[in-house]
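*Asks:* Chains as they are written, first to last, in this note's numbering: chain E, 1 to 261; chain R, 262 to 736; chain U, 737 to 978.
If you're looking for bench data, these hints aren't it; they were derived computationally from the structure. Keep in mind that the hints are not guaranteed to be accurate.
As the list claims (entries may be wrong) - Simulated restraints, written as ranges between beta carbons of each label pair:
1) E:Thr168 to U:Ala829: 49 to 55 Å
2) U:Asp786 to R:Arg362: 34 to 40 Å
3) U:Arg750 to R:Ser442: 53 to 59 Å
4) E:Asp174 to R:Glu263: 36 to 42 Å
5) E:Thr168 to U:Lys828: 54 to 60 Å
6) R:Arg456 to U:Ala829: 50 to 56 Å
7) E:Asp174 to U:Thr738: 49 to 55 Å
What the hints assert, rightly or not - Selected chain R positions facing chain U (in silico; Cβ < 8 Å):
8) Ala309
9) Leu327
10) Ile424
11) Thr658
Just so it is clear, CB atoms sit at the ideal spot from N, CA and C, and this is done for glycine as well.
Residue-level listing of the chains:
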Amino acid sequence: MTADRPRVGLFVTCLVDLFRPSVGFAAVALLERAGCAVEVPAAQTCCGQPAYNSGDRADARAIARQVLDAFEGYDYVVAPSGSCAGMLREHYPRLFAEDPVDGPRARALAERTYELTSFLTDVRGVTEIEARFDGSVTYHDSCSGLRELGVREQPRTLLASVAGLTLTEMAEADVCCGFGGTFCVKYPEISDTIVSEKASRIEASGAGTLLAGDMGCLMNMAGKLQRRGAKVRVRHVAEVLAGMADGPAIGEGAGERPAEG
Amino acid sequence: MESTARAFKDNARAAVADPQLRRALGHVKVGFIEKRAKAAARLPEFEALRDSARDIKDHTLAHLDLYLERYEARVKACGGEVHWCRDAAAARDTVLAICRRAGARTVTKGKSMIGEEIGINDHLEANGITPVETDLGEYIIQLRHEPPSHIIAPAVHLTKDLIEADFRAHHGWLPAQRSLSEARELVDEARTVLRDRFLAADVGITGANFLVAETGSSIIVTNEGNGDLTQALPRVHIVLASLEKAVPTLEDVSTILRVLARSATGQEFSTYTTVSTGPRRPGDADGPEEYHVVLLDNGRSEMLGSEFRDALRCIRCGACMNHCPVYHAIGGHAYGWVYPGPIGSVLTPWLIGVEEAGNLPNASTFCGRCEAVCPMRIPLPRMLRHWREREFERHLTPAKARWGLKLWAALARRPAAYRGVTAVQARLLKAWAGRRGRVSRLPLAGGWTAHRDLPAPQGRTFHELWAARRRGVAS
Amino acid sequence: MTDARTDILAGLRRSLGRGGGTATETAARKAAESAVDAWIYGHERHLIPDRSKLPPDQQVALFVRMATEQAASVVRVQSEAGVPSAIAEFLKAHNLPPSVKVAPQPVLEALDWSSEPLLEVAFGGAVASDRVSVTGAFAAVAESGTLMLVSGGDSPTALNFLPENHVVVLRADQVVGPYEDAWDRIRAAYGPGTLPRTVNFITGPSRTADIEQTIQLGAHGPRRLHIILVEEDARRGQSDGA
């Protein structure tokens with residue numbers, strides 16, 4: 001690890017903000033332990049993916065400009081989400097390709113933006129995590145993180161160092177879970193077919209807990225597993241890495257605590 | 262071919278509920294995906310070859326008019342003819358005229374997506390000429406009066422027992438008590454039945470994977486040998502090809518061939534790669550006396566100048582659909598027209614209109630697997646997004662979705678208001694879920710809750726908690 | 737009304753920004769023409785896999801390995817004198833009647849068929865009742881175990897496809913590494929920009945996976961492809977397949 005103390009702007013993501021703030025706090029903890037000074041710009045709401053993927057470039061640009069403004073000046077921008085990080089890194093430059101002012105700003109932001117686990121390993125050089133998690137987990141590779149950002153080994157490297165944790169791979173870990181933003185509600189039967197397949201793979205892995213790095217995927221898979229009555233618990237990978245995996249898992253109420261597997 | 266793309270949602274709904282289709286599609290995943298991965302891993306230069314192939318096609322497209330002119334000159338120099346056709350109707354009429362001049366009664370066909378696109382089989386039949394599909398998969402679906410469901414494996418949606426039933430129904434002259442439950446027996450029967458058709462045909466129609474400008478050649482790629490029997494035995498050979506099939510030289514096509522079979526079926530090279538140049542030469546022992554190339558535009562020349570130009574690099578390998586989770590769920594027929602899967606979702610709106618085919622580019626999670634395996638590195642998700650942009654501009658998106666999006670965007674651009682609304686939502690949804698931590702029913706969220714539970718929020722937003730924490734630290 | 741050819745070319749040029757007659761567009765068109773002619777004339781090779789860049793004896797070994805992987809059978813004979821008996825052995829091994837249809841190529845006609853007096857040998861094109869054909873080849877590509885056959889006066893294409901069994905007599909010096917070397921040999925034989933009516937690249941026997949994605953050999957083309965590889969260098973003045 002380097003001796004400097006970079007200023008990191010945390011890109012919370014709208015789903016973490018609304019549904020599971022504990023993931024945001026876990027991300028802050030991990031970043032601080034990796035020697036970063038973390039700030040959370042107040043003027044952030046969304047990365048603009050819903051508008052962008054619906055073909056509404058104008059609104060996508062407007063939201064993106066807000067992000068460019070809010071995250072000006074940080075050494076790094078880190079998101080606990082492959083799809084949001086991918087939006088900033090891969091798509092913001094395209095959104096502003098022709099713009100002489102915001103084009104350079106978007107490219108500058110893109111260069112400094114990372115998904116959380118790959119930031120820890122690739123930029124901060126973290127190889128070992130000091131945390132404990134007694135149980136078996138399986139890891140789902142979210143599509144944007146995997147194919148846009150190349151995130152695959154990094155979360156696994158970190159999980160491998162967590163005391164007490166066993167990682168069992170599911171078959172087809174790198175196949176889509178069927179969330180796809182508005183896709184899952186526009187084409188619910190197709191989405192259900194895909195997520196059912198994914199749920200079967202998760203259950204077949206025998207792991208007690210499912211982890212991934214994207215809340216959209218996690219909520220989709222958790223919702224399906226729970227509708228099926230599966231015992232698998234679902235968490236964001238940041239929670240386990242930060243040693244904050246003792247509260248209710250995703251979709252669990254305060255009273256529920258199924259046996260760890 | 263008639264389209265049912267407008268009924269995509271209904272098609273898809275029926276498809277995912279069809280157990281026999283799901284069983285058949287299960288073979289697609291194991292067969293094609295594993296084989297392609299093995300073939301790619303075995304050739305260290307595979308990734309670099311994909312880049313080369315993309316560059317060759319980009320160069321060709323940037324000079325497509327000139328390469329087609331040179332291609333035509335070489336075809337004519339060896340005694341062939343090139344027929345330029347603006348659209349499907351012109352191509353159909355051209356093929357019919359050639360068949361009529363040849364006095365054709367039956368016509369054998371190798372697999373041709375352009376043939377499907379222009380609906381040539383129906384047209385020939387309507388005019389008293391019998392087309393016989395010779396690719397085994399195409400033959401099977403011809404018996405069933407179905408369109409192909411995959412661009413290289415047209416009968417991939419069928420299980421063995423369905424095919425057996427079709428053969429028994431249509432090959433009535435064969436002994437009823439014969440055994441026909443093994444794939445081997447089905448293939449042997451098709452071989453015997455089609456052998457006679459090959460020998461009797463007056464005209465043979467093939468597609469073309471490539472048109473080589475340097476030599477005026479057309480290239481087909483098969484494993485069965487049906488394309489070869491189709492084009493070698495009859496008096497007349499007709500090639501159906503669209504404009505973008507052009508490739509400059511034999512070296513160029515060799516490079517692209519290296520990535521084609523590997524991407525399609527995981528073979529190093531297909532069993533038969535055949536380069537045809539003109540009719541038979543004086544003194545040749547066999548071969549057709551006439552060679553006609555029907556060169557089809559049908560929207561390609563305009564596509565070349567659009568944001569969809571990269572899709573013209575497609576070499577019809579099928580890798581994109583082989584790896585697509587949506588295709589795995591619904592199969593090829595649900596897409597409603599000739600070209601299924603990711604490439605179909607890009608091409609179909611262009612060829613038959615986005616009003617008709619608007620669902621196709623929307624039925625994608627943008628998982629990106631298609632682009633990851635496309636040998637020509639076509640940025641398929643980006644093209645699908647371009648279609649969504651066009652639909653949005655033209656107000657083809659359903660009103661409810663548009664308004665929902667506008668509302669969300671308006672809120673997202675106003676952080677203070679956003680904070681207030683989300684704080685309320687977090688509390689309300691948590692209260693609705695109660696102690697259970699998730700909801701099974703939620704007004705306005707039927708699309709989600711029909712099949713899944715919705716996890717409840719933790720009850721406060723991150724931003725409120727963060728602000729509170731900072732206040733706590735500060736004081 | 738303009739014809740389709742003119743319209744289509746005009747549409748292409750418009751899309752490429754070379755549609756009009758302005759000075760810039762004319763200059764662009766001229767530059768494009770030069771680029772295209774240079775590209776075709778130069779027919780440059782792109783990346784050739786290392787696998788194909790082997791010395792000749794290793795190329796032959798690679799060819800045998802790759803062809804066998806694709807379900808062709810390969811036997812090696814020391815000289816052409818051994819070809820007729822290799823054919824007879826193949827027929828016996830598969831319980832086929834001792835009758836072959838052979839391409840009327842001088843090199844095949846010149847084989848010592850009298851060494852197999854029980855073998856019925858006819859020269860000519862394929863008919864429906866032929867069960868075994870014997871042809872030569874123009875070249876073979878080691879890279880994928882692929883044979884290259886060409887049509888001609890003495891090489892009827894139908895012999896490669898109609899019979900159930902296809903025997904190919906291949907000389908070791910016909911084997912090249914990559915496809916590009918085979919194309920150069922074609923250019924040397926036929927001249928620039930010129931090909932015979934048919935060039936068949938054949939890799940193993942016919943097959944299909946159209947029934948539940950399981951491979952079955954012998955769809956429409958031959959069920960068996962048997963390659964007799966002659967080690968001795970060519971000593972004849974004629975070239976094959978020309």
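*Asks:* Run every hint past the structure and note whether it holds.
*Replies:* Evaluated hints:
For Thr168 (chain E) and Ala829 (chain U), the hinted distance range of 49 to 55 Å is satisfied, since their beta carbons lie about 50 Å from each other. Taking 34 to 40 Å as the suggested C-beta distance range, the pair Asp786 (chain U) and Arg362 (chain R) does not conform, at roughly 51 Å. At roughly 57 Å, the beta carbons of Arg750 (chain U) and Ser442 (chain R) sit within the given window of 53 to 59 Å. Roughly 37 Å separates the CB atoms of Asp174 (chain E) and Glu263 (chain R), a value that falls within the hinted 36 to 42 Å.
Look at Thr168 (chain E) against Lys828 (chain U): about 55 Å separates their beta carbons, and that is inside 54 to 60 Å. Hint check: Arg456 (chain R) to Ala829 (chain U), Cβ distance near 25 Å, so the stated range 50 to 56 Å is violated. Between Asp174 (chain E) and Thr738 (chain U) the beta carbons are some 52 Å apart, a value that agrees with the proposed interval 49 to 55 Å. Hint status for Ala309 (chain R) relative to chain U: holds, with the closest Cβ pair at about 5 Å, below 8 Å.
The restraint placing Leu327 (chain R) at the interface with chain U holds, with a minimum CB-CB distance near 4 Å, inside the 8 Å limit. Nearest Cβ of chain U to the Cβ of Ile424 (chain R): about 6 Å, under the 8 Å cut. The hint holds. Using the Cβ-Cβ criterion of 8 Å, the hint placing Thr658 (chain R) at the interface with chain U is not satisfied: the shortest such distance is roughly 28 Å.
In the structure shown, a violation is registered for the earlier hints numbered 2, 6, 11, in ascending order.
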